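Fit chains B, C and D with the ligands to the supplied structure of chain A, relying on the hints for placement.
Taken in sequence, the protein lines are chains A, B, C and D.
Just so you know, my numbering puts 148 at position 96 of the first sequence, and the rest follows in order with no gaps.
Just so you know, my numbering puts 358 at position 306 of the second sequence, and the rest follows in order with no gaps.
Just so you know, my numbering puts 435 at position 405 of the third sequence, and the rest follows in order with no gaps.
Just so you know, my numbering puts 76 at position 46 of the fourth sequence, and the rest follows in order with no gaps.
Hints may be right or wrong, so weigh each one.
[As the list claims (entries may be wrong)] Taking lysine to aspartate or glutamate pairs in the DMTMM-like style, the calculated list, with each CA pair at most 25 Å apart, reads:
#, chain 1, residue 1, chain 2, residue 2
1, B, K59, C, E476
2, B, K64, C, D610
3, D, K524, C, D610
4, B, K183, B, E273
Note that these hints are calculated values from the structure, not bench results.
Bear in mind the structure is a predicted one, so any value in this text is a computation, not a measurement.
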Amino acid sequence: MAVAELKRPDFKVDVRPDWCPGCGDFGILNAIRQALANMRLEPHNVAVVSGIGCSGKTPHYIGTYGFHTLHGRALPFATGIKLANRELTVIAVGGDGDGYGIGAGYFVNTGRRNLDFTYIVFNNGVYGLTKGQASPTLVRGEQTKSMSEAAIQDGINPIGLAISSGYTFVARGYAMDPRGLAKLIVDAVRHRGTSFIDVLQPCPVYNDKQTVEWYMGRDREDKQRRVYQLIEEGFDPVVRDPSNVDEIVQKKQIALAKSYEWGDRIPIGVLFQIDMPTFEDGLDLRRPDGSKGAIMKQAAPYQDFSSVLGRFR
Amino acid sequence: MAVAELKRPDFKVDVRPDWCPGCGDFGILNAIRQALANMRLEPHNVAVVSGIGCSGKTPHYIGTYGFHTLHGRALPFATGIKLANRELTVIAVGGDGDGYGIGAGYFVNTGRRNLDFTYIVFNNGVYGLTKGQASPTLVRGEQTKSMSEAAIQDGINPIGLAISSGYTFVARGYAMDPRGLAKLIVDAVRHRGTSFIDVLQPCPVYNDKQTVEWYMGRDREDKQRRVYQLIEEGFDPVVRDPSNVDEIVQKKQIALAKSYEWGDRIPIGVLFQIDMPTFEDGLDLRRPDGSKGAIMKQAAPYQDFSSVLGRFR
Amino acid sequence: MPLNKLSWMIGGPQGSGINRSAEVFARACIRNGLHVFSNIEYHSNIMGRHSFYRVRVNDKRIRSHVDSVDLLLALDEETLLGDVDSPYPTHRGHVHEIAPGGGVILDSALGVSEEQIGRDEVQVFAIPYADLLKEGVSRAGLEYNSRRHDIMRNIVSVAASFALVDMDTSVIVDILRQQLPARRAHLVEVNARVVEATTQFVKDEFGTDFGFTLESLARDSDRMIIRGADAVGLGKLYAGCSFQTYYPIAPATEESEFLETVQTQFPITILQAEDEIACINMAVGAAHGGARAATSTAGPGFSMMCEGLGFAAMTEAPGPVVCLYQRGGPSTGLPTRHSQGDLKFALNPGHGDFPHIVVAPGDIQESFEFTFKAFNYGDKYQMPVIVLLDRVLANSFWAVDEISVDGLVADRGELFSENGAANGGAPYKRHAVTESGVSPRSIPGEPGGLFVTTSDEHTDSGKISEGIENRLAQMDKRMRKLDLMAAETPAADKWTLHGPEQADATLVSWGSTKGAIIDAMRVLDEDLGIKVNFLQIRLMRPFPAEDIAKVLDEANKLILIEDNYSGQLGELIREKTGIDIESKVLKYDGRPISQNEVEEGVAEAARVGPVRLVMSHP
Amino acid sequence: MPLNKLSWMIGGPQGSGINRSAEVFARACIRNGLHVFSNIEYHSNIMGRHSFYRVRVNDKRIRSHVDSVDLLLALDEETLLGDVDSPYPTHRGHVHEIAPGGGVILDSALGVSEEQIGRDEVQVFAIPYADLLKEGVSRAGLEYNSRRHDIMRNIVSVAASFALVDMDTSVIVDILRQQLPARRAHLVEVNARVVEATTQFVKDEFGTDFGFTLESLARDSDRMIIRGADAVGLGKLYAGCSFQTYYPIAPATEESEFLETVQTQFPITILQAEDEIACINMAVGAAHGGARAATSTAGPGFSMMCEGLGFAAMTEAPGPVVCLYQRGGPSTGLPTRHSQGDLKFALNPGHGDFPHIVVAPGDIQESFEFTFKAFNYGDKYQMPVIVLLDRVLANSFWAVDEISVDGLVADRGELFSENGAANGGAPYKRHAVTESGVSPRSIPGEPGGLFVTTSDEHTDSGKISEGIENRLAQMDKRMRKLDLMAAETPAADKWTLHGPEQADATLVSWGSTKGAIIDAMRVLDEDLGIKVNFLQIRLMRPFPAEDIAKVLDEANKLILIEDNYSGQLGELIREKTGIDIESKVLKYDGRPISQNEVEEGVAEAARVGPVRLVMSHP
Ligand SMILES: Cc1ncc(C[n+]2csc(CCOP(=O)(O)OP(=O)(O)O)c2C)c(N)n1
Ligand SMILES: Cc1ncc(C[n+]2csc(CCOP(=O)(O)OP(=O)(O)O)c2C)c(N)n1
Ligand code: SF4
Ligand code: SF4
Ligand SMILES: [Mg+2]
Ligand SMILES: [Mg+2]
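The shape of chain A in the complex, shown without the other chains (with noise of 0.2 Å):
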């Protein structure tokens, strides 16, 4: 190549993703980087930040600062790279065994916190990188292909957790559908506060269950696609005014409904959102001077220091 040209970063990288062919986070790692490039976000102004599994290699395959950090760690983690720069644009990404299971903990304490970075789960019903057995959205009954018995567990509802915990944007996705999920990225990212997606990731080899065609509704008489966009049918997750808590009150509960709504119809899109103070927005409270506890490059003992030892004489 003669001249580099100048061009808007695709954030592609020289490194070809291990997933098996047909995997569904193929769709996901393409409407993250198709997301970053819309928004027109400068790669090294961006943290991807994953858990371990088949999804957790994600921060591989994409041209940002990248941490592929512990199995159930990938939220703790986030938190403490964005509060230690906010200026980052901090994606969390894991599979639904990483979040649900291992991660819970984490996945419930962080939608208190409301700090400002976008989590998005890789939810195919089972541990895949371990090769199938059960994740906890997998349902009661349901016996997927390396399974030696059925499930005799119920499955967790994720969005009716996200709800419960306080996350202030709530959506689910679907990892076929790139586009629409760039799309759903994009207005997490730019959510002011945590935002969480649950992603229907089909993973063909251990899923055998909720796989593309089911999905699609290739089994079903009238071939009806089972997956469909909230918004068509004019759903509205929006609270208007975050201080009428019947409002609030009643958008997580028709969330929560909606959450349910599966088998023949399978709903994506924002389920609940809400504008509230995020937990930088408190910890400015706290220190009023406006230092917002940004990065330091270089330590330098803080000037006010020896007035502190005042209180121990």
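Frame of chain A; chains B, C and D with the ligands shown alone:
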């Protein structure tokens, strides 16, 4: 005493609780003892399992088998002991920090399992034993006595979490109503499946907001008590037809709405109940010979052990 | 040319069926009376990354692999030449590992030329997989359909290998007949024809040029082929374990998966929990509840169990048994690779001083036997027991003649009911201070045995107590149980000195390296003239310091062999005996030490004196 | 009779205000130019259980407590006689600890007789608390109201104590004036009157009978009274730490609470997380994000951090700094009591071999200084740093003249931007293999420094890699940083030999025992004729093995002193040097070793030779 009278066990012991005067824990303790006595359970067939906290000391004050485990781990322990010996009546107890903070992951995932035992959370809005920090139920903006700043995180909604996790009996109790609470506990223990009671518990030492006076409405002009019994309002939490998804969702919706009722009116009682197969039922299905994984005091090599060796030849 | 000694390898992308080929190949060799040791290397990936499977065949018992390959079966070019052109290359392929005179089987459709392979002393056997499949299918009277029939490429691979080494290929069909479920029995015929076509092609094309030969030996129909993970599972079953928790993690999952397949047959509950903290605490709960309880995990999961282990020790739970399958660390590390890097962590797995037992089996029989014994230890000494295993021990297929249950008797330790009378009506004390340290335990459900216990320091009755005298009494009595365990356990369970009493050098090691060391000992002695013996240490805690010091003091040269960076056993030995084993043969590249690496390392250490050698065959 | 040497103790139920009394007492002594060391013992309980607070006063600097009590202030009967009649008794009270000639102050309303106390050589001072309160209140022109005024019982206690030892009581009022918030300033006057009434009563009633006297010395107004937890917090502030996570746990919480009180003043975020796994992973995230990040916990919480520590090491995070406040283990153990039982766990805090640093300060200045340095270590060597503290160091009030910041300069290690030019445009490699092992680090937000990193083994660019050569290169380079750290750190930071070069016995210890040992050394030498020196080891990893071996080799008798069961430092020393310190003075009853216990233990060990002594004063 000349003649020892044979009497119904009252589940009392020779250890004096070291809770602070006026602590709501006394009320809960009495309610548990009362419930056990009312059910005419035999002390040796009951195991009370707790986490760590003021609330965690409860097993020391009840005359049954008792396990005062680790902070946040009462539910896994209870799961293990119940599966080791299904004949036991198992009651897990602990604080709100214990259950919804460090234990949130187990709270969520225990709900999915629907094992036949009862979980009672002492919800006082604070970490009592560590001297009054905010617990996960303390709501945004609230500042109790020993906090240096007001909370900047939202409180989680335990009832909503329980419903979304799959608990089949979800209730709220009030510590200062031991009689009503004892009844609730009896219902919970008798329920087949995992029953959960979030108990509003005044901590006079550290929580100066949700005090007995406050719950009783003594600060209100009309002096109306805030807590009221759902049943008085004719609230119906029970799913009649567990195969009817619409009914389930509708009951979950109204339970969620009720759980957000707070401030001037605070409902207590059962919020949601459904009859579903337990985890034990599921295990039994796997083992059609009827051997229910019973307690094995004397391990003997399984009879047909050598048959399994054949697979490797 | 070598007879009945073959190092065979198949390589290809993860998910391309190499496991199946290798396992049929290994099983077929066993059927033909030979011994095998076979182990796989693969990435933490579901499909696509390079993996390979070694099957080493021998007429004598073997327990390890060697790095050189006699016959390589390459399903893709990467197996031959590596991924050196990729942006982040990881290996150079396996051609360079082929022994002079060895061979490569490959699909002629790959279009790899002999020049590319570039080794004159290596024979290349190009096989037209597609043609042979078609031929076989049509011989069976069917029409070839790639989607349906390409799965038999595995069988072509195995048949071609067998044909080349002049082994009877009919056994392949026997194995398929046995393994295929009834509803797929019709496939046996097609497979048989494919085997036939492949055999014929190989014989016609290559004759008996290839010098390596495998000969059927007197068939010992009882020989088993089994992985360490299975042996551990069997140990649990035989011990009467009725409760096992797990959270999926390589390389521990296999054990639980094996147990899941027998849960309809035995009264055992296998529970896949939400994480490892739940796993350990459920297991502690079940142990207190009366079950023989266990959990299995790898390093990252074990890192979550620290508090639960201390809790079990503090409340004097009978167990649980915790199987720790070591893999390449630190952190997530090399999830599917091998290591012995968790010893020191297993020895100090929580805060504060508390008693626990750590035992490290070295082969299949020991994996079975010490898993069984671990339950006895747990019940008798009322503390958690860690069984240290690792990736290669767990997941390699070993040929063994028998699993022996000799002398294995369940002992549930001192129970309250047996001692109830002696109490004379005094209230039962769960943590009674006794001379041995052991307090007879009661099990919930027992009418007279009510107790409370707690993770807090407690009185003999299990009540919270911060009293000083009580603290000392409880602390001492808990720790005393370790002395009791040490006193009651036969030395033969704690350690073994393999080989001659007197030797030029004493090799010191633990765990799965046993296989490679035992295999290497003969070669060291006979071919390299170094007479060695081998001190295998099994009981890591309580450590048999006096015994070990005695053996080491009497030894000539000492050489430590471990699959980790620091020589962790060496550190333990020095801590307990003061003896510093200066010569170390270490390996920490994520692969198990091979027989030849033991030979090389020991020979070098014997030659140059005190040295730290890092073994690796990239 | 003793002048300016007093061991004072106040005891009563938890929540009865003994803390307040003791802290006013201690502060008042300091105001009067004396030195103090004061520490509390209390149950894991909010209200009601027995607790007591010691304040030792001296005209020379002291750093420890002694077991005997010169003046005991008993707020209840249990403080005197214990709870021997309760179903699960825990202690015998403190009367037996009173030194001959010492005294007891008690409320005459308690109705405890001299016979009950039963010690003729002890003086009993019964004080009518209620009357004095009433008297004081009315002198202030107010009407006595028990609900409002009983809180001043504390002041009666302090004033009575001061009056007995003939110390100027006006300083008490000065302190109250300083401490009471403006809106409660009117209370100063009432308190002053209560002090007056009490002083007068004591003088009238008991005269100067009590032989112990405290005299005001030249006032050194700059002397501080401070806890280790505060010193650590100050170290964090001075180091520019901008992110701290914690989950409440004794005895670590105090540090975070102190930091919370300054978060409006400094740009530091203190986050109370949902558990310790969140704490460590948030801190690692923040460290990678560019902040100087830290977390603080005790054993049970640290048990949850293992995986996060390995993760930090694997991804070469710059830190975080993890302060581990040891308390009585194992398990929940003795939550509010002391121990040094977590050393070995801190040294092996996760699976696999990975580098980390462990440093153990021994007093206030060291707590400050090594917390500060820990951030430099983290940044320079890109690994987690554990600062080992403990209950008595953290929560005792020490009098110190100054916190010295001499020579403390922040060093954030090699940063990418500084080295960007040298790269010559080559893509940035976060884990570049360098000779030192350190790879210049970039911080997210940096345009040219994009990188990915992972808990999996990775290439120099942070991509997942399971390649063999890469593995060895990365493993070696990570571990190499420990050698660099060892080489760059001055010996004076690693260890100190206190006392004379030559001695009859060398005491070997670490952490907070330093205080008691230093205090005991003079007595051992002057009064007991045993000339000792004291090797204090601070850097536990990388362990300065050669230095230590040299010191130990040159020593005469060696005596190990530790507040744990196993003698964990002794085990570490033997592991690293082969040297077995056979004489051990250990304490593990949940209380810190006292000056007199050091004297007793050392004297005994010196007398009888190799011995394991367990110290305890129930
Ligand atoms: C502490 C710990 N436990 C277990 C594992 C093993 N492990 C790796 S990935 C994984 C589950 C992956 O499932 P999920 O989170 O749903 O992601 P997916 O692979 O389906 O995308 C597990 C259990 C681990 N890495 N760490
Ligand atoms: C792993 C761990 N972290 C922290 C602690 C310290 N700790 C003891 S009790 C407690 C919180 C208690 O609060 P809660 O659960 O609400 O119970 P309460 O005392 O209010 O009844 C904490 C954090 C611990 N024991 N273990
Ligand atoms: S196992 Fe499933 S989730 Fe994982 S890469 Fe393959 S298809 Fe995707
Ligand atoms: S601190 Fe609160 S919860 Fe704990 S015992 Fe006291 S009143 Fe009860
Ligand atoms: Mg998944
Ligand atoms: Mg609480």
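Give me the numbers of the hints this structure contradicts, sorted from smallest to largest. Failing hints, ascending: 2, 4.
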